[in-house]
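J.: Residues per chain, in single letters:
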Amino acid sequence: GCSINANSSDDTSSEVDTKVEEKEIIKIGTTGFFKDIVQEAKKDFESTSGYELEVIVFDDNVTPNIALDEGSIDVNFYQHVPFLDAFNKERGTNLVKYGEKGIACTYGIYSSKLKSLEEIPNGAKIGIANDSSNRTRGLRFLESNGFIKIKDGVDLPTKLDVIENPKNLDLIEIDGPKLISSMEDVDAVVGYGIYMLLSGKDPKSAIIFDNEEDTKRYADVIVLREDNKNVEWVKHLEAALTNEKMRKYMDEELEGAYIPAY
Amino acid sequence: MDNNLTILNSIIWPELLKTFYMVFFSTFFSTIFGFMIAIVLSITRKDGLNPNETIYKVLNTLINVIRSFPFIILMVAIIPLTRALVGTSIGPKAAIVPLTVVVSPFIARLIESSLNEVDKGLIEAAKSFGASNLQIVFKVMIKESIPLIISSITLAIISIIGFSSMAGALGAGGLGAVALTYGYQSFNTTIMYGTVVVIIFIVQIVQATGNFLYRKLK
Amino acid sequence: MDNNLTILNSIIWPELLKTFYMVFFSTFFSTIFGFMIAIVLSITRKDGLNPNETIYKVLNTLINVIRSFPFIILMVAIIPLTRALVGTSIGPKAAIVPLTVVVSPFIARLIESSLNEVDKGLIEAAKSFGASNLQIVFKVMIKESIPLIISSITLAIISIIGFSSMAGALGAGGLGAVALTYGYQSFNTTIMYGTVVVIIFIVQIVQATGNFLYRKLK
Amino acid sequence: MIESINLQKSFGNTQVFKDINLKIEEGDIYGLVGRSGAGKSTFLRCINGLEKYDSGSLMIDGIEVRDYYNKGIREFRKNIGMIFQHFSLMNRKTVYENIALPMECWKYNKKDIDKRVKELLELVGLEEKMNDKPKILSGGQKQRVAIARALALNPKILLCDEATSALDPKTTSSILKLLRDINEKLGITIVVVTHQMSVIREICTKVGILEHGELLTKGDVEDIFLQQPQSLINLLGEEENSILPSKGKNIRMFYRKEDIATNIISRMARKSDVDFSIVWGKLEKYRDGVLGSIVINTEEENVGIITDYLTTLGIKWRLIDNGQ
Amino acid sequence: MIESINLQKSFGNTQVFKDINLKIEEGDIYGLVGRSGAGKSTFLRCINGLEKYDSGSLMIDGIEVRDYYNKGIREFRKNIGMIFQHFSLMNRKTVYENIALPMECWKYNKKDIDKRVKELLELVGLEEKMNDKPKILSGGQKQRVAIARALALNPKILLCDEATSALDPKTTSSILKLLRDINEKLGITIVVVTHQMSVIREICTKVGILEHGELLTKGDVEDIFLQQPQSLINLLGEEENSILPSKGKNIRMFYRKEDIATNIISRMARKSDVDFSIVWGKLEKYRDGVLGSIVINTEEENVGIITDYLTTLGIKWRLIDNGQ
Ligand SMILES: Nc1ncnc2c1ncn2[C@@H]1O[C@H](COP(=O)(O)OP(=O)(O)OP(=O)(O)O)[C@@H](O)[C@H]1O
Ligand SMILES: Nc1ncnc2c1ncn2[C@@H]1O[C@H](COP(=O)(O)OP(=O)(O)OP(=O)(O)O)[C@@H](O)[C@H]1O
Ligand SMILES: [Mg+2]
Ligand SMILES: [Mg+2]
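Taken in order, these protein sequences are the chains called B, R, G, F and V. Sequential numbering of the first sequence, starting at 7, is according to this note's numbering. Sequential numbering of the second sequence, starting at 3, is according to this note's numbering. Sequential numbering of the third sequence, starting at 3, is according to this note's numbering. Sequential numbering of the fourth sequence, starting at 266, is according to this note's numbering. Sequential numbering of the fifth sequence, starting at 266, is according to this note's numbering.
Hints are supplied without guarantee of correctness; some may be wrong.
[Unchecked claim] Derived lysine-lysine pairs resembling BS3-like cross-links, with alpha carbons at most 30 Å apart: (1) K218/G <-> K122/G; (2) K157/B <-> K173/B; (3) K220/G <-> K358/V; (4) K48/G <-> K218/R.
Please keep in mind that the hints were generated in silico from the structure rather than gathered at the bench. Remember, it's a predicted structure, so these values are computed and weren't measured experimentally.
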């Protein structure tokens, strides 16, 4: 299949007289986190926009942007703004977020051993995600809670950018979903509520949650190529992703893991 | 649970087809390339039919370079190539390119060692009636080591099935990717193990076919 | 850039050590297990020294089951085992377990096909003076196929290096994981290609050593 | 010692053994000959159980070979050395290690192994090649390693499948002498498969000719060679016919050991007073003497005189049909 | 045709060829004999360039073998068939395909290949085994496949390395007849390496004995066998000595082709009027007749009479030292 740009106009092929034209396809890239939500929005989008939505699930946080940039997909929905900015800056791309609305994920420190922040001992083992987008969030979270200090001016910090670590925390980078199964092996993990929810644990059991402002700041947004930023259909997409129905879906099905940022 | 089974049911078929598609074509191409590389390697190696240290070293290094890349990095690094070849960098079709790139050297190595095992006496016999180097390779060395090559390709196909699960990074789908994104990342054990069971079946079939051919050809 | 190089410098050593650690021990264990499995397979196969369909089928299936798991799923699936063996499910030590589990069947298959290639005449000769099955395996089959086995283990070590980069998922670190998380994920090409270059060196050394031993033993 | 009764074996549709009956006594050196593809190697392989037979009985020391599978096939084989037609040497072991292997498998101690290997190396004349791999050996050298290996465990039965085919005559003699020595000194039983009739003559006590899956002709070596049964002629071809003179008559007379030194020819020449030429002869060395036949050519009218003379001396003769 | 001058070759420290000089004319059937490990196979392999020589010259048709490497070694080898000592058959090809392979490599068309293969199969008597793999063939059957393959391309030179060692006497004869036929009809040159002296006698025109890296003894087959030079004795061993009667004297007399039918023995018996026995004999078939030696035993006092008589007849003789 081709993207919408490629075959939207000037189609003078023999199909011209076929009245029942195939619906044009919008390709949206997403990742494991948001595939259910995008699927949920698909129906609304298709009925309001008249396009068909093809959902492509990437098992990686970088490739959806690469695919978008090169035109293999038309839009993606999986990343937060800090990550988008870093991507644009580092790879010299011009991807833009659409609108101000998004969906945020609850975030916090979970532990099967400790009950409060104070109990975190010196030299504690803390699991953080190993992908850049979520590691960034984890480190920043630890920073805002006063555990560490990160070098200035780093967009996507890593362990190496930690310049102060008074409690001598042992930060261990672990694959996101695997954080949950590692909880027994570390003192605490910094991660998403959704993981707790999906693995049958209570997403609300965090020792401490990210503050609301940061949660919103890390809300995930619709991203387009710049030359596409004014297309018509994206409005419908935004609507479908951020309507009341979606709010209800998140409340009921994904309780405590996603927060509408709209 | 019941719901999960329904989901599983509804995705297994299309994803199975994608897996087949990726595995089939990458096996096809990487076998061809693997053979070509292996042949050049075994001709140009020190005790080969036409030793050529430069060619051998270049190819040998190239293979090692490719095999040194973590697969995901390789996939991304060769996106320009992928796009040039298949017009897109995502989807099952695009996945064929990195799968081929990563498995070709693997097959090449396996075939190379199979070819090296061929009895030197046979090669001499072929030389004695004036067979050309290529004839020696095709009519003697490959022919004689076919059983071992069959085992190697069987091994490679199963590796391709393994690698194809990582092709999820290219949005290629397939059973492995589903097992990861819908199963593992979603903590959905029904889907996770359900798809793995299907993969087990495929692997069993591939292996049984390989063993059968091996025994047949031995 | 300069800054990146400094970073690169500061992490290469410790991560290289972790890679060595993981690769060394998983090679060690998976070679042992691979050998054991291969020996049992080749003894119990249809035309083996002591055919036993049940044992062969069970082992054969087990291998295929393990090889069917996408590596990351396997890592998660065997966490209880890992924890039981090394006391934790994260870190380089923990990574050795899934690496061994995934590579043992791979080595087993390679060694199995090497053993199957041994001239039946030699096995008969050994039988003729009353060698026991185990003696035939160790003193004849393995001895005769050592060069091919060396190639196989070389191939396996390089595969382990590849798999070890995925062991980053267990917080095991190592060069591959650094290439992925600090390089690829963080769009830091210096670190990404810097570490890959180091991996290339390691792979080259492994391959050269393998080739050398092969030639020596051939 | 080795006895086969109605032994049958087929490979797929082709029956190799129709009905083999033979008996090899302890201490025999039994020669087994037959055309290429007759089943000689297969028979040897049945003896030590490397090949299974379909029906009939094959007994070693009174026990059915197939029963050994359950009671100690290893011990059984330990006592049966075999020299393989294609040598079957380990390519990756040195000559020394190849010869040592059987002893290693039977856990001999290092010193004993070393002693025995060196002894064997000397016996087959390969001391210098001790540390070489078989790959670089000449054909005959490989064969000698195979011989040494088969002897390593001092077997009670030795199966030799073309054990000297790649050896020069002198080396062959010395190997044959060796085989005969161990046969005599240690009383081991030897089964010799060969295409070299000289080997049969030199060391075998008995010989059997395998033809069409059966072993119809068998007996003492000298008898068989003297009698020249059809199956022997089938095997050897009647080569001489083509070069016997076509003039006159050709008479083949058979010598026995005891006739050798009795001046038959010279006395006959004088007594019968007829001229004749010796046109063909095979006086060959057997285990313990010379034995063979001579073809004399003479004018037609002398035939009666000569044959009468031979008959009175008790010497076997036969008129050769020279196809005219 | 094939000429080697001061040919030298070493493997590591062991010198295989010290100084080989030989000349094989077109149409010769040249026999190369020597002890196991003497370097016969190596010499053959030098002829078709499978092995390189160190120094000296080896020329085929006037061109140095090592020069062929640059100008068409393939064409060169096409004209040189080789039967390998270890057969070197492709295990995974059938008998038919093995024989067809050389022709396939030279892009003969299918029909021609089929015709030629069937012809060759008949020649070596393997029509029935056409579709079998070498693995299940008997030793001699494998060897016959190797022979057929070497003949497939109608080579101008045929190198036979122990080409009949695994064959029964009759099959050997028929193969030798075949070799001689193609030698005579097509004029091809054949180099025969063998340990079977009967093979040398039956088909070779010339023979060379390779000893200690040199080829000092060479010449017409009959001459060499009659003269029994030391190097031949080294090769064959003087086997008969041990079984000659120790009583009396043993005289070896040499027959030449032309002496065969001249009633020597009978006439001598009557003329000299002394008794003697024929105690040993080797009257053997050569290419074109019978040739050989007979040992007669007689009382000491008769020796003079007999030897005088032989001398007058121009027959060579030699008194054998029976070591007393
Ligand atoms: N495994 C097998 N499968 C089918 N046929 C076989 C097998 N082994 C041997 N044969 C056939 O059985 C026959 C006898 O073979 P065998 O090797 O015993 O002959 P042989 O008497 O030793 O001959 P040679 O003197 O040529 O070595 C041959 O025709 C051979 O092709
Ligand atoms: N590649 C090699 N490396 C070292 N030594 C070798 C090599 N090939 C042959 N030789 C040695 O060279 C000598 C001559 O070998 P060759 O095979 O020519 O002997 P041959 O005359 O054919 O003996 P046979 O009659 O036993 O076949 C032997 O001693 C052998 O061990
Ligand atoms: Mg045989
Ligand atoms: Mg030789």
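J.: Run every hint past the structure and note whether it holds.
T.: Verification of the hints:
{"no.": "1", "hint": "K218/G <-> K122/G", "result": "24 Å, holds"}
{"no.": "2", "hint": "K157/B <-> K173/B", "result": "17 Å, holds"}
{"no.": "3", "hint": "K220/G <-> K358/V", "result": "25 Å, holds"}
{"no.": "4", "hint": "K48/G <-> K218/R", "result": "13 Å, holds"}
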